[in-house]
Amino acid sequence: MELSTALLLGLVLLALLWRKFSRPKGFPPGPLALPVLGNILQMDFANPLKDLRKFSEVYGPVYSIYLGFTPAVVIQGLKELKEVLVNKGVDFADRPHNRIIEAISGNRGLVVARYGRAWKEHRRFTLSTLRDFGLGKKSMEERIHEECVYLIEEFRKNQDSLVDPHFVVDNAVSNIICSIVFGRRYDYDDATFRDILNMVHENMKMATGFWAQLYNAFGFVKHLPLPHQKIFKNVNTVFAFLGKVLEEHRKTRVPGEPRDYIDCYLEELDMVQEDSHKSTFDAENLFTCVGDLFIAGTETTSASLEWILIYMMAYPEFQETCRREIDKIRGDRDRLDYEDRARMPYTQAVLQEVQRFASVVALGVAHAPIKDVQLNGYTIPKGTFIITDLSSPHYDEKYWKYPKEFNPENFLNKDGELVKVEAFLPFSAGPRGCLGENLARMELFLYFTTMMTHFEFHWPDPKSPPDLTPVFGISQKPKCFKMRLAPRI
Numbered sequence: 000m001e002l003s004t005a006l007l008l009g010l011v012l013l014a015l016l017w018r019k020f021s022r023p024k025g026f027p028p029g030p031l032a033l034p035v036l037g038n039i040l041q042m043d044f045a046n047p048l049k050d051l052r053k054f055s056e057v058y059g060p061v062y063s064i065y066l067g068f069t070p071a072v073v074i075q076g077l078k079e080l081k082e083v084l085v086n087k088g089v090d091f092a093d094r095p096h097n098r099i100i101e102a103i104s105g106n107r108g109l110v111v112a113r114y115g116r117a118w119k120e121h122r123r124f125t126l127s128t129l130r131d132f133g134l135g136k137k138s139m140e141e142r143i144h145e146e147c148v149y150l151i152e153e154f155r156k157n158q159d160s161l162v163d164p165h166f167v168v169d170n171a172v173s174n175i176i177c178s179i180v181f182g183r184r185y186d187y188d189d190a191t192f193r194d195i196l197n198m199v200h201e202n203m204k205m206a207t208g209f210w211a212q213l214y215n216a217f218g219f220v221k222h223l224p225l226p227h228q229k230i231f232k233n234v235n236t237v238f239a240f241l242g243k244v245l246e247e248h249r250k251t252r253v254p255g256e257p258r259d260y261i262d263c264y265l266e267e268l269d270m271v272q273e274d275s276h277k278s279t280f281d282a283e284n285l286f287t288c289v290g291d292l293f294i295a296g297t298e299t300t301s302a303s304l305e306w307i308l309i310y311m312m313a314y315p316e317f318q319e320t321c322r323r324e325i326d327k328i329r330g331d332r333d334r335l336d337y338e339d340r341a342r343m344p345y346t347q348a349v350l351q352e353v354q355r356f357a358s359v360v361a362l363g364v365a366h367a368p369i370k371d372v373q374l375n376g377y378t379i380p381k382g383t384f385i386i387t388d389l390s391s392p393h394y395d396e397k398y399w400k401y402p403k404e405f406n407p408e409n410f411l412n413k414d415g416e417l418v419k420v421e422a423f424l425p426f427s428a429g430p431r432g433c434l435g436e437n438l439a440r441m442e443l444f445l446y447f448t449t450m451m452t453h454f455e456f457h458w459p460d461p462k463s464p465p466d467l468t469p470v471f472g473i474s475q476k477p478k479c480f481k482m483r484l485a486p487r488i
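0 is the number of the first residue of the sequence shown in numbering that gives the first Met the number 0; add one for each residue after it.
Watch out, some of these pointers could steer you wrong.
Using 27 Å as the maximum straight-line C-alpha spacing, the simulated BS3-like pairs for lysine-lysine come out as follows [what the hints assert, rightly or not]:
#	residue 1	residue 2
1	K397	K81
2	K400	K81
3	K78	K24
4	K243	K229
5	K53	K403
Distance windows between CB atoms, simulated [said to hold, decoys possible]:
#	residue 1	residue 2	range
6	R183	R123	17 to 27 Å
7	V253	E316	46 to 56 Å
8	E421	D43	23 to 33 Å
9	Y401	T378	36 to 46 Å
10	T279	V418	37 to 47 Å
11	R183	H96	35 to 45 Å
12	P461	A282	48 to 58 Å
13	E316	T279	50 to 60 Å
Source of the hints: derived by calculation from the structure; they are not laboratory data. Only a predicted model underlies this, so the values are computations on that prediction, with no experimental measurement involved. Beta carbons are placed, not taken as given, at the ideal position from N, Cα and C, and that holds for glycine.
With the hints as constraints, model all of the structure from the sequences given.
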């Protein structure tokens, strides 16, 4: 009797689990999901892109997978991505439930905040403030040129030995957003700042890994001594660093004379206290916005510059063609200006080809619909976890001359003129598109052309070419590498 009862209970449990992992009517199709685990074991979280594309070959550009108990819809292909990001951008402008993100940011700030009044007001305020501090203006260009001087000096110190460019490039890029947000830059030998940047990059990698996905799927994992605990340890250290920056600003600011983004936000808080209406501006959102700007303003641009360097060494013929164009347009000037890019189609094509081929932010940031939405004949319920594979159009043979190779001609016509390709999505698109796109473009152009003006970059071992396999994370980075610098006279 006890055995038959146990069998009956087991069958009931299996039936409930089967129902739980059976896709509802109208939901996109996808691979069979295991009870409890879903499709987690069917993907390599060291880099899931290949597995996601294999699923797409079977189930189409809109399909579903299960991350533990959580159903997720994967979007691939330009047509479908444009529908989600642009045509129905507002409908898909929310962020999904994510345990790690909620534990870290409480869904506040600029990047992972839920769609609504608070996010709209903070995005509007941030764009306005960044413009006030030079975004898109000559003054911002001057900030980058000033940092270029430090960058070149640091490279010169190490030109007689093999150079690992990671931290120098990382620091240089981060100093631009730090100058806007914190009102200061950090020296390249600042060990504390180096540790902070390393923790940021480590978290960006771990956040997409197996242990983080396990925690997102099963909340009780939070309390177990597993590798995901390293994420929270790093977060606490980074938050302590940001907390000191904020406290210093509160003590030293002069009302009415804002020095940077933090001061402007504190001015906003002063006005909020004088006005009785309910505001979305508060100390918690300030903290999260500062963290978002610091991390987003460093991570992807730094990774892109590292990719640029390694591709220039892997393809020295492209490096030399860029250098000839740079020298021609620069003439006898010490440096190029950002407006010079209009006369430099080849250099722009190289930079864009690196962004296409490396696809630094391959999966973007997850979206969620704000209501039930129809897509490709399927019903996507409100709040569904949406994975946008921004890299998928980057290798689609319908849009590129050389989809599977690194070749600047993908962005040039037969006359050598730069062409705009609709399938190029390095900064996403629509309402949730990257708010720092213009700054990132300016940094990439000015840092790259400055480095090329002063140095030639060579791979140390011609017999062993660079390993271009990416290290997957929220942003894809190249593996650690060293290079040989040849100073130019």
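Here is how each hint holds up against the structure:
1. K397 with K81: 16 Å, holds
2. K400 with K81: The given pair, whose Cα atoms are some 21 Å apart, holds under the 27 Å limit.
3. K78 with K24: 24 Å, holds
4. K243 with K229: 22 Å, holds
5. K53 with K403: 16 Å, holds
6. R183 with R123: 17 to 27 Å: 26 Å, holds
7. V253 with E316: 46 to 56 Å: 55 Å, holds
8. E421 with D43: 23 to 33 Å: 30 Å, holds
9. Y401 with T378: 36 to 46 Å: 39 Å, holds
10. T279 with V418: 37 to 47 Å: 42 Å, holds
11. R183 with H96: 35 to 45 Å: 37 Å, holds
12. P461 with A282: 48 to 58 Å: 55 Å, holds
13. E316 with T279: 50 to 60 Å: 53 Å Cβ-Cβ, so the 50 to 60 Å window holds.
Of the numbered hints stated above, none is contradicted by the structure.
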